[in-house]
Amino acid sequence: MMEISGFQVLVVWVCLVARINGQVKPQPEQVHLSATGNVTEMIVTWSTFEDTPSMVQFGTTKPDQNATGSSTKFVDGGVLKRAQLIHRVKLTGLTPGTKYVYRCGSDEGWSPLFFFSALQNRTDWTPRLALYGDMGNVNAQSLGRLQVAAQGGEYDAILHVGDFAYNFDNDNGMVGDEFMRQIESVAAYVPYMTAVGNHENAYNFSHYKNRFTMPSYDSNQNLWYSWNIGPVHFVIFSTEVYFFKEDSKQTKVNQLKWLEEDLKEANDPKNRTEHPWIITLGHRPMYCSDLDGDDCTRRGSLVRAALEDLFYKNGVDMEIWAHEHNYERLWPVYQEKVYNGSKDAPYTNPKAPVHIITGSAGCQERHGIFFLPRPWDAFRANDYGFTLMQVINKTHLAWQQISDDKHGEVIDKVMLIKDKHGPEAWL
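The numbering of the sequence shown is the numbering used here, which starts it at 25 and goes up by one.
Bear in mind the hints are in silico, worked out from the structure with no lab data behind them.
Honestly, I wouldn't trust all of these hints.
With a cut-off of at most 27 Å between alpha-carbon atoms, the simulated BS3-like pairs for lysine-lysine come out as follows [unchecked claim]: (1) Lys367 x Lys281; (2) Lys418 x Lys444; (3) Lys276 x Lys337.
Could you put together the complete structure from these sequences and hints?
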């Protein structure tokens, strides 16, 4: 009988532990893309559990070009103080609208080969976007349908409106790692743009701040930023500054000042002509009709008090939210009053912003429960699913709600038509 040495037992044990933890330490994992605002660039972000070089090989037919970046050490705040290296490499010199293949890592371990298409360098094209919030690594019911569509080239970007993994910090950060591995099947193929939610609050939002690379990563670690795609100016911000003590008063002041400046710049006549649609994304809604007593159910809503007037006076066209685990489409509303365009065409030249809540991608907390409809409610659904937005041109914007419960059926479909944008559109 062959003898087994203590060394062999140790090697087997180490391999088993690595397999259980889902880690091969130098091997890249949790790969995801993000846009910078420059269509000739794309950022690739990934993790390793060992310090390795940060390299991306990419090209139009084969990965024959090289780009290098850097990594930062991130330590989870749990008792185990688990550490990982988060790598960031910016690809430059991309040709707009061109498909690229790429892999990331180093000679110590490479990722599989992924692909993406560089964004178009025009304002007259039609971006196709998937939007949702509140997706966990358990019961992420919409993920399979999103994977097929993202890898099939059906989306130009995905926008995740807060609440990830449930939660990034759980089990000493291992839940966060598992979630990022799961979304790699979509996020490695299209820019995965994010907003922060309440479930990211642990350790002063450290997982959210470190795991993603949004356009504002260097200035405020992803908490607020804006981003243009086609004829749209997206404004992404944190609603959590109004609820968590970890966020100082100065953080609220800084974000508000930035919002005021960004919206003012977006309303410059040249900018508003090129990107007439201004769409905001924040996690906690201003309005909702749920039974849970959340901020959005209250007349004294903190988010509404802080931001509704600002968004209205700057002519924000649409406000996208999540947090409530359902889908809710509102009539155009301002200060609790409905301002439809007309009785027969409420979304044609409306006189107030349109609000959408899309928080039903799927998590272990299950569905939200609706209360009685409010005067501003146009459509409500408790199905798991996500929203598709197609910005057809500078006057027409279409969106659909896809039900995963109903196997991809479109359960809501609306066209927003605006002949004018900006504050003057409300007159």
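Comparing the hints with the structure gives:
1. Lys367 x Lys281: violated (37 Å)
2. Lys418 x Lys444: Between Lys418 and Lys444 the Cα gap is close to 9 Å, so the pair holds against 27 Å.
3. Lys276 x Lys337: Holds. Lys276 to Lys337 sits at ~20 Å (cutoff 27 Å).
Of the numbered hints given earlier, the model fails hint 1 alone.
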